[in-house]
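A.B. asks: Sequence order for the protein chains is A and B.
For the first sequence, the residue numbers in our numbering are 495 to 761.
For the second sequence, the residue numbers in our numbering are 8 to 117.
Some hints here could point you the wrong way.
[As the list claims (entries may be wrong)] Chain B is faced by these chain A residues, among others (derived, beta-carbon under 7 Å):
#1 Leu525
#2 Glu528
#3 Ser531
#4 Asp535
#5 Arg557
#6 Phe558
#7 Gly559
#8 Gly563
#9 Leu649
[To be verified] Derived list of chain B stretches under chain A, where covered just means 3 residues or more per stretch with a C-beta under 8 Å from a C-beta of chain A:
#10 48-60
#11 75-83
[Said to hold, decoys possible] Just the calculated beta-carbon pair ranges, DEER-fashion:
#12 Thr578/A - Pro48/B: 24 to 32 Å
#13 Arg680/A - Glu70/B: 53 to 61 Å
#14 Ala694/A - Val44/B: 33 to 41 Å
No lab work stands behind these hints: they were computed from the structure.
Treat the numbers as computed from the prediction; the structure is a model and nothing was measured.
Glycine included, C-beta positions come from ideal geometry on N, C-alpha and C.
Here are the chains, one letter per residue:
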Amino acid sequence: MTTATGHGSVEQYLDEMFDRLAGTGAAGRRLLSETESHLLDAVEEGRARGLDAEAAEREALDRFGTVTGVVRHVPAAARSIRTTLRRLLSGTWLAAGVLLLWWGGSGVMTWLLGWPWTWLLIATDRFGTQAGMCGRPWVPSNATSDCLTRYRGTLNLVLEGGDRDAYPWLAVGGVLLLAGWLLLRRVTVLGTRAWAPEPAMLGLALALPFGLAAPVLLSYGVAGLFWQAQHWTLSYLTAGLFATAIAIAALRHVRSSASPERSGDRG
Amino acid sequence: MDIRGHLDLLLLAVLADAGPVHGYAVIAALRERSQGVFDIPEGTVYPALHKLERAGLVVSRWEQATPRRRRVYELTPDGRVARTAKQREWRGLVRGVQAVIGSATLQGMA
Numbered sequence: 495m496t497t498a499t500g501h502g503s504v505e506q507y508l509d510e511m512f513d514r515l516a517g518t519g520a521a522g523r524r525l526l527s528e529t530e531s532h533l534l535d536a537v538e539e540g541r542a543r544g545l546d547a548e549a550a551e552r553e554a555l556d557r558f559g560t561v562t563g564v565v566r567h568v569p570a571a572a573r574s575i576r577t578t579l580r581r582l583l584s585g586t587w588l589a590a591g592v593l594l595l596w597w598g599g600s601g602v603m604t605w606l607l608g609w610p611w612t613w614l615l616i617a618t619d620r621f622g623t624q625a626g627m628c629g630r631p632w633v634p635s636n637a638t639s640d641c642l643t644r645y646r647g648t649l650n651l652v653l654e655g656g657d658r659d660a661y662p663w664l665a666v667g668g669v670l671l672l673a674g675w676l677l678l679r680r681v682t683v684l685g686t687r688a689w690a691p692e693p694a695m696l697g698l699a700l701a702l703p704f705g706l707a708a709p710v711l712l713s714y715g716v717a718g719l720f721w722q723a724q725h726w727t728l729s730y731l732t733a734g735l736f737a738t739a740i741a742i743a744a745l746r747h748v749r750s751s752a753s754p755e756r757s758g759d760r761g
Numbered sequence: 008m009d010i011r012g013h014l015d016l017l018l019l020a021v022l023a024d025a026g027p028v029h030g031y032a033v034i035a036a037l038r039e040r041s042q043g044v045f046d047i048p049e050g051t052v053y054p055a056l057h058k059l060e061r062a063g064l065v066v067s068r069w070e071q072a073t074p075r076r077r078r079v080y081e082l083t084p085d086g087r088v089a090r091t092a093k094q095r096e097w098r099g100l101v102r103g104v105q106a107v108i109g110s111a112t113l114q115g116m117a
């Protein structure tokens with residue numbers, strides 16, 4: 495890309511800037527071109543003052559500023575509609591993966607936790623407020639299945655019923671979407687900035703709905719505990735806790751994307 | 008010295024006096040005329056020039072110079088008007104700040 499350089503610091507800088515400007519369109523190309531011209535002029539000026547090539551490059555780069563510091567002044571409006579749509583598509587892909595994983599995963603976890611939960615209900619008789627839950631009249635004497643299986647069968651999965659067989663598939667679908675994204679971004683253009691969703695936007699898009707849903711679901715679940723341990727209690731608690739975890743992770747993602755450590759680069 | 012918020016005026020002033028110049032010359036003029044007081048990352052001047060261009064205060068064109076082409080910037084008539092207005096604002100601000108600093112100093116001495 496350049497010609498008059500010493501140990502390649504300017505080329506390295508321009509390469510990094512090129513990567514950071516991906517998706518900024520004509521404004522980015524123009525800034526890159528002007529940066530190259532400017533740095534070569536500055537290096538030549540330094541050499542004319544008697545500096546060696548390495549020192550001249552270092553001085554030129556120090557005066558020019560960090561890549562992050564310069565690139566962040568390229569306005570968002572300069573980003574093309576195509577880039578916006580690409581990022582929206584990527585963000586939707588990831589959000590869909592998280593949503594499927596949450597919904598399907600909550601159902602699967604409720605199903606798995608159903609055994610200890612039901613055993614606890616029967617063993618304590620506490621939640622039902624009635625003694626002898628496995629005896630008459632709660633379970634008929636000629637029951638074809640044991641007490642545990644019978645009660646466990648009445649457990650609802652996520653949010654009042656639903657097709658039990660679908661939950662594992664939904665969870666697997668979510669995992670496949672997220673794993674596919676991680677894999678494709680390593681080997682395709684999905685790994686470039688042009689396709690990368692804005693961390694803050696994606697984080698907020700997940701934190702907001704899950705953060706709002708979590709307390710509602712948890713409050714239903716907790717209320718159910720004190721009201722004869724309704725059959726939907728476990729599913730509400732599970733989905734609420736899972737939503738809380740997702741909201742916290744998304745908020746941490748927003749915070750880390752805004753921290754200077756993440757946006758810093760070499761000077 | 009932090010000159011954020013005043014870079015537009017400085018760039019308009021340099022361009023008004025220097026005529027059509029490329030970015031490197033604008034930055035060199037800023038450095039020389041301020042006698043090194045303004046310590047800004049030079050790279051931030053280009054996005055600032057682009058912003059002025061989008062606002063219609065500056066026009067630019069590629070100039071094929073030896074050994075490489077450069078983008079040359081020039082003030083528009085609107086840019087000259089804006090420069091005068093911003094200069095007036097700045098002088099008013101300086102007068103106001105000076106008045107406050109002056110009276111505060113006098114009070115502190117009393």
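A.B. asks: Determine for every hint whether it applies to the structure shown.
C.D. replies: A quick look at each hint next to the structure:
no.: 1; hint: Leu525; in the structure: holds (6 Å)
no.: 2; hint: Glu528; in the structure: holds (5 Å)
no.: 3; hint: Ser531; in the structure: holds (5 Å)
no.: 4; hint: Asp535; in the structure: holds (5 Å)
no.: 5; hint: Arg557; in the structure: holds (5 Å)
no.: 6; hint: Phe558; in the structure: holds (4 Å)
no.: 7; hint: Gly559; in the structure: holds (2 Å)
no.: 8; hint: Gly563; in the structure: holds (6 Å)
no.: 9; hint: Leu649; in the structure: violated (59 Å)
no.: 10; hint: 48-60; in the structure: holds (count 9)
no.: 11; hint: 75-83; in the structure: holds (count 4)
no.: 12; hint: Thr578/A - Pro48/B: 24 to 32 Å; in the structure: holds (28 Å)
no.: 13; hint: Arg680/A - Glu70/B: 53 to 61 Å; in the structure: violated (42 Å)
no.: 14; hint: Ala694/A - Val44/B: 33 to 41 Å; in the structure: holds (36 Å)
Violated hints, in rising order: 9 and 13; the structure is consistent with all others.
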